[in-house]
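Trainee: Top to bottom, those sequences are chains Z, C, R and W. Here the first sequence stands for residues 1 to 277, where the numbers follow UniProt numbering. Here the second sequence stands for residues 1 to 277, where the numbers follow UniProt numbering. Here the third sequence stands for residues 1 to 277, where the numbers follow UniProt numbering. Here the fourth sequence stands for residues 1 to 277, where the numbers follow UniProt numbering.
What the hints contain is simulated information worked out from the structure, not anything from laboratory work. Predicted model only: the values in this text are computed from it and were never measured. Incorrect hints may appear among the rest.
Same chains, same names: a pair is fine if it fits in one copy or spans any two.
What the hints assert, rightly or not - When the alpha-carbon atoms are kept at most 20 Å apart in a straight line, the in silico EDC-like pairs for lysine to aspartate or glutamate are as follows:
{"id": "1", "residue 1": "K62", "residue 2": "D235"}
{"id": "2", "residue 1": "K266", "residue 2": "D120"}
{"id": "3", "residue 1": "K22", "residue 2": "E36"}
{"id": "4", "residue 1": "K90", "residue 2": "D104"}
{"id": "5", "residue 1": "K65", "residue 2": "D235"}
{"id": "6", "residue 1": "K245", "residue 2": "E144"}
{"id": "7", "residue 1": "K266", "residue 2": "E143"}
{"id": "8", "residue 1": "K79", "residue 2": "D242"}
{"id": "9", "residue 1": "K181", "residue 2": "E146"}
{"id": "10", "residue 1": "K90", "residue 2": "D39"}
{"id": "11", "residue 1": "K181", "residue 2": "E3"}
{"id": "12", "residue 1": "K22", "residue 2": "E152"}
{"id": "13", "residue 1": "K273", "residue 2": "E73"}
{"id": "14", "residue 1": "K14", "residue 2": "E36"}
{"id": "15", "residue 1": "K200", "residue 2": "E119"}
{"id": "16", "residue 1": "K81", "residue 2": "D230"}
{"id": "17", "residue 1": "K82", "residue 2": "E147"}
{"id": "18", "residue 1": "K54", "residue 2": "E3"}
{"id": "19", "residue 1": "K266", "residue 2": "D235"}
{"id": "20", "residue 1": "K151", "residue 2": "D242"}
{"id": "21", "residue 1": "K181", "residue 2": "E223"}
{"id": "22", "residue 1": "K75", "residue 2": "E223"}
{"id": "23", "residue 1": "K245", "residue 2": "E146"}
{"id": "24", "residue 1": "K151", "residue 2": "D265"}
{"id": "25", "residue 1": "K22", "residue 2": "D12"}
Protein chains: 4
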Amino acid sequence: MEEYTLLIDTEDAKGLVYNISKVLFANNLNIEQNAEYVDSETNKFFMRTIISGKISQNILLKELKEVLPQNAEIKLNKKAKKDVVILATKESHVLGDLLIRYIDGELNANIKAVIANHEDLRSLVENFGIPFTCISAEGMSREEHEELVIKEVNNYEPELIVLAKYMRILTPNFVETFPRKVLNIHHSFLPAFIGANPYKQAHQRGVKIIGATAHYVTNDLDEGPIIAQDVVRIDHSYSWQDMRKAGRNVEKIVLSDAFQMLLDDKVFVHGNKTVIL
Amino acid sequence: MEEYTLLIDTEDAKGLVYNISKVLFANNLNIEQNAEYVDSETNKFFMRTIISGKISQNILLKELKEVLPQNAEIKLNKKAKKDVVILATKESHVLGDLLIRYIDGELNANIKAVIANHEDLRSLVENFGIPFTCISAEGMSREEHEELVIKEVNNYEPELIVLAKYMRILTPNFVETFPRKVLNIHHSFLPAFIGANPYKQAHQRGVKIIGATAHYVTNDLDEGPIIAQDVVRIDHSYSWQDMRKAGRNVEKIVLSDAFQMLLDDKVFVHGNKTVIL
Amino acid sequence: MEEYTLLIDTEDAKGLVYNISKVLFANNLNIEQNAEYVDSETNKFFMRTIISGKISQNILLKELKEVLPQNAEIKLNKKAKKDVVILATKESHVLGDLLIRYIDGELNANIKAVIANHEDLRSLVENFGIPFTCISAEGMSREEHEELVIKEVNNYEPELIVLAKYMRILTPNFVETFPRKVLNIHHSFLPAFIGANPYKQAHQRGVKIIGATAHYVTNDLDEGPIIAQDVVRIDHSYSWQDMRKAGRNVEKIVLSDAFQMLLDDKVFVHGNKTVIL
Amino acid sequence: MEEYTLLIDTEDAKGLVYNISKVLFANNLNIEQNAEYVDSETNKFFMRTIISGKISQNILLKELKEVLPQNAEIKLNKKAKKDVVILATKESHVLGDLLIRYIDGELNANIKAVIANHEDLRSLVENFGIPFTCISAEGMSREEHEELVIKEVNNYEPELIVLAKYMRILTPNFVETFPRKVLNIHHSFLPAFIGANPYKQAHQRGVKIIGATAHYVTNDLDEGPIIAQDVVRIDHSYSWQDMRKAGRNVEKIVLSDAFQMLLDDKVFVHGNKTVIL
């Protein structure tokens, strides 16, 4: 029996649950899991339903469209692994963590390739049997380098791009080429310590807790919709290098949590926020 | 416009969401919030829906009964404050925390009375304008004392009884007199350190984290369905008295969290567990 | 036998521990607890030692001065309750929590008075037997009002002033009148969301965790040395009012933690940071 | 300049800090870090000091012995990587995490070999350039198999043995062969859920938080001195398999935390507890 994830993002209206469940019932489908959220401030309705049964996708989508408000976004994703490309630079803790999870079968993903702007991570990646491409940025403008990266990414037609400590700032062109497809990990508890060297900033401010934030990449640096955050306690004895080390644990757990939510179609973008069902 | 919380606890069946939402739609009701959970292991379906509109309770319940499996439990609670009695002994940190929340308007409750087996807390309680009754256990058997407590509790016809560090073990008679109505806070991370002096037990074992557990009271000591838990880090320098002090913060937060879930009708009992929607 | 807390804050030098312990040993004193911290970046040495025995304070301080670098700060505090004044406005959750802890004997303090700029909290405070003074700011300039508050605070000669959700911005005059004596709780995880309405700011940014920060008050708004921080998880379903409610638990725990550290002489100010021993 | 870690574990006595620091001062050594703990209940004194300078180990140890109580344990460890052997079975999440940290240079260790009772992890380990030995237990008694494992471990003369989800129960013989040298990770928040299948036990009990515990191995199953613990929140929707997946994050962080404490000589054994300085 097939399983699908039905995702509905629409303005709220009376009878939505009734109308949607009527269609599902009429098509003889089972509801395995269901979660809804109504944001009363913006009058928006979000629904994520895992359905099973014999599904004719086109018919189902057509019937749902008929009972939903005109601008409703409806997605019907077959439960399957998503194709993913990972971008990295030199650091291995986040990437390595993803690779270990990958061989453990924890990730609902096909990691098609890792693309980096340095050679350092080649052997780590290739030892896991995953293609590695180094595209050095040396002697190039940001735009020239990015064009090459975009081209290489496009070779794999990924549904999702994960920045696993990719230490380059992306241009609007990159962001627009892959809308709502790029996941980043920032090594601070956003919105604190935006930009470069957040651990140095945290050390200077004397905070007692540090964190990490996984978010969609948008054109505003470190300002995209937040998907997951976590923190760890520190104290006065931590140098900024100690903070960086302690922060690694949080970075890798937070990125992997957010990544799995995206792979499982749990994340809706709602303005500059996320709704997670 | 009136708001009601609809609670459904039944065996799972195809079309439940459709059938329920059809009844709500036919009665011209709005769904303000909705959450469901299907436990596939036991084939049970739980649903909590906040509905608004003009409601005829009897008609709605009758129509829901017609579309639900025969043994379905259906509750329709008008959104209102619940009458509560608190039992205590000598310690004031949990009780005091509840009283401060009460005057802050945080609790969806009417605290009708505090009943204790010692006099210590009288002035604290009475200063908040709440009736205080002391029923000393001195010179009585457990059963005799409990009979007096039950009688006093019954004077207030509470929907919920909160044991705010009530340091007496209840008999099966008490538990059966108030089924699924008694909330307790145990000062350990259950199932670790059941019974007396959990902080001493924790100190002896050398744990690095201690906790507290809010649970329904059943006839098995500290074995009832768990509603909420939380923890706090400690280290080797903590005496058991230090643990007790650190644990107080956790005890009062956990009890209050669980209490608010009960007041908001968020807790279903499922065997010896809880489902929280 | 008397107990004292010895606090040393000096530039680092070879043999400090030896020289200090030699003086203590020569005076026939016991070291009950000892903690040191050397900040290698700034070459600063901090030490907190709890000593017991028959102590002649003047002699001990003189002998310590002789073996320490010239500008060393040395304090020798008899273990005793500190006199404290609390400032508040209308909200009772932080103040109420302090009062409950106070009657529990958790705080090593004498709460001499609560001063507020509104009448709302009078009966709460007076029910605990503590003097309450309302100094309304109506029709006054900030400076005029503050002069009255300073005068009233000075009547109690407090060693510590706790702002328990005192919702007025202090002038440099206030800060300089009570240097390193004013503790504040800010309802965000600083440095995120400085200034007014941090929960609204957090809601707008779509964070997944909120927090609170206890810090010394300095002339830069929400920029003083941080003493304690903690956080709580939230999700997309939280309105800013829900965040405020969830944040209350964190605010009161964090403020009380920081307060107790100050009462126990555990906090050194080190530039714009704290060292906690 | 050389750095050493000085570790002292002795009954408490007056003047210990003075006497120790006198010896260090007389030997012209710098104290880089210092931490002490006195357990007043058992009258024990623990001290960990990082010293630098030109050190003659024998002289220093002799002089310290002269000023310390007769049965004092004194260790002087040159700051260096420790030789380590890892035992594993089939699961890769904890082992893989250690390997990624190892190539990142996070661990103050030489991982000499991984020994497993199954072949599954061979390619993972060998890809990191680390020797892998499989010693199958098939057709052998527990004692026979263990003798082979002990022999293989002894080939590497490790200072520390890490059980990275090694799913076999060790005999007293193994424990006594490597006293205070064997670190284990148990997938529950001990002392809750001792023994097999802790996630199934946790699921059955309906807890709201699960955890993991790193501890020294002793002859009592899951009863050795606890070094580190951490937890993660779950809810009613988690199957025991979901718990296992969520628990993996905690297991690997907790084991790695404890491992690093051991590598940095931070852990004293104190009866059946640990003191961590």
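Trainee: Flag every earlier hint the structure violates by its number, smallest first.
Mentor: Hints 1, 2, 5, 6, 7, 10, 11, 12, 15, 16, 17, 20, 22, 23, 24 contradicted; others consistent.
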